[in-house]
Amino acid sequence: MSLSIIVPMFNEEENLPSFLSHLATFKKHVHEIIFVDGGSDDNSVELVTRAGFVVLRSERGRATQMNCGAQAAQGSVYVFLHADTYLPENAMTCITHALKKKHWGRFNVCISGSSRLLRVVAFMMNLRSWYTGIATGDQAIFVRRDIFFLHDGFPLQPLMEDIALSVKLRTNFRPACLKACVQTSGRRWESQGVWPTIILMWKLRWKYWRGVPVTEIARHYQELRCRKQQKLK
0 MSLSIIVPMF NEEENLPSFL SHLATFKKHV HEIIFVDGGS DDNSVELVTR
50 AGFVVLRSER GRATQMNCGA QAAQGSVYVF LHADTYLPEN AMTCITHALK
100 KKHWGRFNVC ISGSSRLLRV VAFMMNLRSW YTGIATGDQA IFVRRDIFFL
150 HDGFPLQPLM EDIALSVKLR TNFRPACLKA CVQTSGRRWE SQGVWPTIIL
200 MWKLRWKYWR GVPVTEIARH YQELRCRKQQ KLK
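Going letter by letter, the sequence shown gives residues 0 to 232 in numbering that gives the first Met the number 0.
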């Protein structure tokens, strides 16, 4: 079983030094590690290239970037990893064992940050994921190559592509829910406020499940982000 780690990125210069050091420890355990850049205008591509990793270019959009990486990857298993998420040391062993019985899965998540509320957020994310069989990108989704393409990869939508893929996969296969934790950054919650972010995410998901077009949800999300950024200036 050969594993390909696929990382979509866009302007991750600030986080890359520590993240690249982290990924370097997995080089000997995987077939390849592929970064897919969505048009960064900082030094992200230079940093990744200098560190000896493969960088592909694609149109911006997490779903588009991850599908691009999957098309190029040669491994029999794909691990989709955000550029601010860190795998546990035994991640590859965990994935290999899990896929002996399952076709896809995800890790539990722990969220780093100063707010204690982030522990509650992570607990609820993991509980919801276990109950529903829906995984988020923060949980480092992994899937067999053949199963990924059988379900046509990530739907090309501007938000919640991870949820959409999970729904498709879950229709035929329940996920492996690994107790081992990936560590993801709490910057999104802390920069915008933990409670406001929680409420916003639930509102967006509620609209999604009600069938509101994803383009409309994404537009609403971007408008809210712009307003908050303007207030901080």
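No lab work stands behind these hints, which were simulated from the structure alone. Worth double-checking, as some hints may not be accurate.
As the list claims (entries may be wrong) - Using 20 Å as the maximum straight-line C-alpha spacing, the simulated EDC-like pairs for lysine to aspartate or glutamate come out as follows:
hint: 1; residue 1: K99; residue 2: D145
hint: 2; residue 1: K178; residue 2: E88
hint: 3; residue 1: K100; residue 2: E45
hint: 4; residue 1: K178; residue 2: E222
Hint-by-hint comparison with the structure:
1. For the given pair, K99 sits about 14 Å from D145 by alpha-carbon distance, which is consistent with the 20 Å threshold.
2. Between K178 and E88, the direct Cα distance comes to roughly 13 Å. Compliance with the 20 Å bound is thereby established for this hinted pair.
3. Distance check on the hinted pair: K100 and E45 sit about 40 Å apart at the alpha-carbon level, beyond 20 Å; violated.
4. Between the alpha carbons of K178 and E222 the distance comes to roughly 36 Å, so the proposed pair goes past 20 Å and is violated.
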